[in-house]
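Heads up: the sequence shown begins at 1 in the UniProt record's numbering, then just goes up one per residue.
No wet-lab data here; the hints were simulated from the structure.
Treat the hints with caution; some may be incorrect.
The calculated label-pair distances, taken between Cβ atoms and stated as ranges, are [claimed, not checked]:
id	residue 1	residue 2	range
1	R202	A58	39 to 47 Å
2	A183	E147	19 to 27 Å
3	R202	S75	25 to 33 Å
4	S165	G196	27 to 35 Å
5	L213	H85	22 to 30 Å
6	D152	V74	42 to 50 Å
7	D192	G71	25 to 33 Å
8	K146	W77	15 to 23 Å
9	G71	K146	43 to 51 Å
10	T105	S65	18 to 26 Å
11	P209	P186	26 to 34 Å
12	P82	S123	41 to 49 Å
13	P94	I117	17 to 25 Å
14	S123	G221	21 to 29 Å
Virtual Cβ for every residue (Gly too), placed ideally from N, Cα, C.
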Amino acid sequence: MVAFHLQTGIVPGHLLRLPGDQEIPHARTLSRPRETPLTRSDTVRRVSVIQQPNANSAADSHCSSCGAPYGEGVSGWPRTCPACHTVAYRNPLPVAVALQPVYDTKGTALVVITRTIAPARGSTALPGGFIEQQEDWRGAVVRELKEETGIDAPERDVRLADAMSSPDGHLLLFGLLPERPAADLPPSAATDETEGWQLLHRPAELAFPLHTLAVQAFFEGRYI
C-alpha cells in the first residue's frame with residue numbers, strides 16, 4: 001500500500017522504487033539571480049574598463065573619472081566628460097623655491113645649484129621643487145633646500161618674498177631666509193638632483209625665467 005504525505009499529497013520517492021532499482025539523485029532547480037537595473041556608477045565602471053587611455057593617448061585626452069575620451073574639439077579648462085558628465089579642472093601646481101642669502105669677502109650672494117635632472121639638466125637654478133601633499137609651503141622651502149644643498153634651515157625663519165605664476169601652470173612661492181656667513185655652510189656635495197651648491201654674487205640668467213626674475217629682484221633690494 002502506497003502512503004501519501006498527509007500535508008502535501010506527494011508519494012515519497014523511496015516507496016515508488018522497486019527492488020534493484022538505482023536511486024536517482026534529486027534534480028536541483030537553479031534559480032536565476034534577480035537582475036537589478038544598472039545605476040550610473042555601474043555604467044561609469046563599464047566605460048572605465050572599456051575605454052581606458054593607453055600609452056599612445058594624448059595627455060588629458062580622456063576623462064580621469066571614467067576613462068572615456070573627451071572627443072575632438074574639446075580643449076581648455078574646465079571641461080566636461082560626455083560620458084559621465086564629470087567636470088575636470090586644471091589647477092596650478094605649487095612650487096617652493098628657496099632664497100638663501102649668504103655673505104663672504106666678495107659681498108652678498110645667493111645659494112644656487114646645478115641641476116642633474118630634467119628639465120634644465122646642467123643649468124643653474126635656485127633650490128626648489130613641488131610642495132608635497134599636506135605640507136606647509138615653508139616646510140617645503142627648507143626641505144628642498146636641505147635635499148638639494150645639504151643646508152639646514154628652520155621653517156619658522158622662512159618669509160614669503162614673492163609669488164609668481166608661470167605660463168605652464170605652476171605657482172612659485174619664493175621663501176626668503178635670513179642671511180648667514182658663507183663659511184658656516186656645509187661643504188658643497190652632489191645630491192640625487194644636483195651637482196652641489198655654489199654662490200651667485202650678481203644677477204644672472206638661470207634655468208627658469210621666474211628664478212631669473214627673483215634673483216634680479218633680490219639683488220635690487222626689492223625683497224628687503
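**Message:** Range first: 15 to 23 Å. Now tell me if the beta carbons of K146 and W77 are that far apart.
**Reply:** At 34 Å between Cβs, range violated.
**Outcome of range test on Cβ distance (S165, G196; 27 to 35 Å)** = Distance hint for S165, G196 holds at roughly 30 Å.
**Request:** Just tell me: holds or violated, for the beta carbon distance of D152 and V74 against 42 to 50 Å?
**Result:** Once the Cβ atoms are compared, 48 Å apart, the range 42 to 50 Å for V74 and D152 holds.
**Message:** Can you tell me whether the CB distance of R202 to S75 sits inside 25 to 33 Å?
**Reply:** violated (43 Å)
**Prompt:** Lying within 41 to 49 Å: is that true of the beta-carbon distance P82 to S123?
**Reply:** Because 42 Å falls inside the window, the suggested range holds.
**Item:** Whether the CB-CB distance between L213 and H85 falls inside 22 to 30 Å
**Value:** violated (41 Å)
**Asked** Does the Cβ-Cβ separation between G71 and K146 fall within 43 to 51 Å?
**Response** Roughly 46 Å apart at Cβ, these two residues keep to the hinted range, so it holds.
**Request:** Given the range 18 to 26 Å, decide if the beta-carbon distance of T105 to S65 lies inside it.
**Result:** The hinted range 18 to 26 Å is violated for T105 and S65, with Cβ atoms some 59 Å apart.
**Asked** Can the suggested window of 39 to 47 Å be confirmed for the beta-carbon pair R202 and A58?
**Response** holds (43 Å)
**Prompt:** Could one say that the CB atoms of P209 and P186 fall in the range 26 to 34 Å?
**Reply:** holds (29 Å)
**CB-CB spacing for I117 and P94 relative to the 17 to 25 Å hint** = holds (19 Å)
**Prompt:** Cβ-Cβ distance between S123 and G221: within 21 to 29 Å?
**Reply:** This hint holds: roughly 26 Å between Cβ atoms.
Violated hints, in rising order: 3, 5, 7, 8 and 10; the structure is consistent with all others.
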